[in-house]
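Fit chain R to the given chain V structure using the hints.
There are 2 protein chains.
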Amino acid sequence: MDERGLHRLIGTIIAPERLEDDCAIIPCGDLLMVASTDMLHETTDFPAGMTDWQVGWMAVAVTLSDVASMGAAPGQVLLAVGLDRPERLAGIMVGARDCCAAAGAELVGGDLDAHRELTLVSTGLGTVAPEHLVRRRGARPGDVIAVTGPLGEAQAALVGYDRHRKELLEPQPRTKEGEILGRAGVSAMMDISDGLALSLYDLLAVNDCGFSVDTGRLPLPAGVPEDEARELALYGGGDFELLFSAPPDVLPVPGVEAHVIGEVIPERVVLADGEPLERRGYLHEWTG
Amino acid sequence: MDERGLHRLIGTIIAPERLEDDCAIIPCGDLLMVASTDMLHETTDFPAGMTDWQVGWMAVAVTLSDVASMGAAPGQVLLAVGLDRPERLAGIMVGARDCCAAAGAELVGGDLDAHRELTLVSTGLGTVAPEHLVRRRGARPGDVIAVTGPLGEAQAALVGYDRHRKELLEPQPRTKEGEILGRAGVSAMMDISDGLALSLYDLLAVNDCGFSVDTGRLPLPAGVPEDEARELALYGGGDFELLFSAPPDVLPVPGVEAHVIGEVIPERVVLADGEPLERRGYLHEWTG
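Residue numbers (the working numbering), protein chains in the order written: chain V, 1 to 288; chain R, 289 to 576.
Do not take every clue at face value.
[Unchecked claim] One side of the interface only, derived from the structure: several residues of chain V facing chain R at Cβ under 10 Å:
| # | residue |
| --- | --- |
| 1 | Gly5 |
| 2 | Ile10 |
| 3 | Arg18 |
| 4 | Leu31 |
| 5 | Met33 |
| 6 | Met39 |
| 7 | Leu40 |
| 8 | Pro86 |
| 9 | Ala90 |
| 10 | Asp111 |
| 11 | Thr127 |
[Claimed, not checked] Now the stretches of chain V that chain R is said to cover, found in silico as 3 or more residues with beta-carbon under 8 Å:
| # | segment |
| --- | --- |
| 12 | 75 to 85 |
| 13 | 93 to 103 |
| 14 | 114 to 125 |
[Stated by the list, open to error] Using C-beta positions, here's what the derived DEER-type ranges look like:
| # | chain 1 | residue 1 | chain 2 | residue 2 | range |
| --- | --- | --- | --- | --- | --- |
| 15 | R | Gly317 | V | Asp214 | 40 to 46 Å |
| 16 | V | Asp227 | R | Arg296 | 50 to 56 Å |
| 17 | R | Pro542 | V | Glu87 | 49 to 55 Å |
Hints were generated in silico from the structure; no laboratory data involved. Keep in mind it's a predicted model, so treat the numbers as computed, not measured. Where a beta carbon is used, it is the ideal one built from N, C-alpha and C, also for glycine.
In isolation and in its complexed conformation, chain V is listed as follows (with noise of 0.2 Å):
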């Protein structure tokens, strides 16, 4: 069984509609709060090498990008960690802070545990204005789909691309991107985390219309041949770009990078060029 069908599983335990977007949507005054929490462990999503100031930085960078998808503020992050060896955790905690302050949110708490596998959870929260809320249900067709950087990156570095290290081991969370763009009016968002083409499935899961992308313009990683450039940008995770759908007046948004890749199609399908997209990318896969 994979992530996506052990989801379908929890929505029969927990509010459906709770697991759709990036972020759980809390009252808050006048305010929503959105919350969003992710594990990480050395095994499976720390690359050899990595340091522990990386380590602690990725850990709230994609709990960051998730608050960014929502179109709210960055506010507050929790960081658990599951430690191993005890000389790790200033360099985690220097990384996760700086992570913080580079985003405009605050480091306010946590828990310590000892664990023989490196494991670090975090929790961000962050606040918007209802108007201003992006959710992953909202695109119509008509809408162009588009997306703040290069895909791909972080697999090419996976695969050898040494020149990507960087984008792979500190992802650059959008929060000032993902806030802009929910004042701007974009109609749904989502981060990119699993790659383009299972985000690309996970807004058709809760849509009422389709995704059609144009693989020509999709913004590819630097010095890699342009067929495994495409390749990467469609099918590689670890990218924390974010997607989303918008109406073609509301692009360009000051201050945005947006690429411009496709448009939002009536028919209930995911199309490259024409034709049905693959729907794979980064899952986790439980063998039993």
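Frame of chain V; chain R shown alone:
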């Protein structure tokens, strides 16, 4: 280095006043939001024979206990699950949902990951009016010290008193009591998951006064010889009762079972029956 030593290190990296309480405190309109995150994993936290339902229940209970200790009403819980075997997920999620429901909270989201050791991280959110917030700091000489129920039951089960297995495996977070005590005006509060002795030393660290308990007044686990029961009550971990101080005229508080066990004193010491209390209990230890 032990857990509290590493906490001091963290206090050099993030604002140390953020580490004083069981929860972080976050502005939320006219209210305050409190947020806590707790990691539990198989080898350290789940005794043999525990069901998946109990694992899910406990993961939520420990974080709702933190929310309660601030005087806050429980609101939302996020649960990150590092899953060793897919067939465990349903039981865990139902246990988590049931614990939320029992406390009037809602399970609103989470994360799912494959992990070789079952690892759960729950994040609990709650809200409280600023005037009802209770922190660890705030005890005053002349206040009484009290707890919400018997101490040492979980540890009694761990050393073989099977009649207390339910208290060990299905801890009841004192959410109702925490909220009532906050409104009643108690002066300081925390939960005592690491044992009474360590908790009193935690209070000592952030207050300008001391704590004197009378071991003859401790509510003890039933069915255990008295000397052993007193030892378990002072030093045993795994209980999730609330420990609080309050001006004497605040007690009794309708709706809360409270056992007065001592008083707050001007001297910055922790005493049991007039003698310094040993500073020991449940601590995670790193051997690195």
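Against the structure, the hints come out as follows:
1. Below 10 Å, beta-carbon pairs count as interface contacts, and V/Gly5 has one with chain R at about 8 Å; its hint therefore holds.
2. For V/Ile10, the interface hint holds, since its Cβ comes within 10 Å of a Cβ in chain R; the closest pair sits about 6 Å apart.
3. A distance limit of 10 Å between C-beta atoms decides the matter here; for V/Arg18 the minimum to chain R is near 5 Å, and the interface restraint holds.
4. A cut of 10 Å between beta carbons decides the hint on V/Leu31: the least distance to chain R is about 7 Å, and the hint holds.
5. A hinted interface residue such as V/Met33 counts as satisfied when its beta carbon comes closer than 10 Å to some beta carbon of chain R; here the least separation is about 7 Å, so the hint holds.
6. Because the smallest distance between the Cβ of V/Met39 and any Cβ of chain R comes to about 4 Å, under 10 Å, the interface hint for this residue holds.
7. Residue-level restraint check for V/Leu40 holds (minimum Cβ-Cβ distance to chain R is 8 Å; threshold 10 Å).
8. Among the interface hints, the one on V/Pro86 holds; its C-beta lies about 4 Å from the nearest C-beta in chain R, closer than the 10 Å criterion.
9. A distance limit of 10 Å between C-beta atoms decides the matter here; for V/Ala90 the minimum to chain R is near 6 Å, and the interface restraint holds.
10. Checking V/Asp111 against chain R by beta carbon gives a least distance of about 5 Å; that is within 10 Å, so the hint holds.
11. Annotation: interface hint on V/Thr127 holds; nearest CB of chain R at approximately 9 Å, less than 10 Å.
12. Counting residues of the segment 75 to 85 of chain V whose beta carbon lies closer than 8 Å to any beta carbon of chain R gives 9, which reaches the threshold of three, so the coverage claim holds.
13. Residues of the segment 93 to 103 of chain V with a Cβ under 8 Å from some Cβ of chain R number 3, which satisfies the need for three, so the listed coverage holds.
14. Requiring three or more residues with a Cβ within less than 8 Å of a Cβ of chain R, the coverage given for the segment 114 to 125 of chain V holds, as 8 such residues are present.
15. Here the CB-CB span from R/Gly317 to V/Asp214 is close to 44 Å, well matched to the stated 40 to 46 Å.
16. Between V/Asp227 and R/Arg296 the beta carbon distance is about 54 Å. The supplied range of 50 to 56 Å therefore holds.
17. Between R/Pro542 and V/Glu87 the beta carbon distance is about 51 Å. The supplied range of 49 to 55 Å therefore holds.
When held up to the earlier numbered hints, the structure conflicts with none and fits them all.
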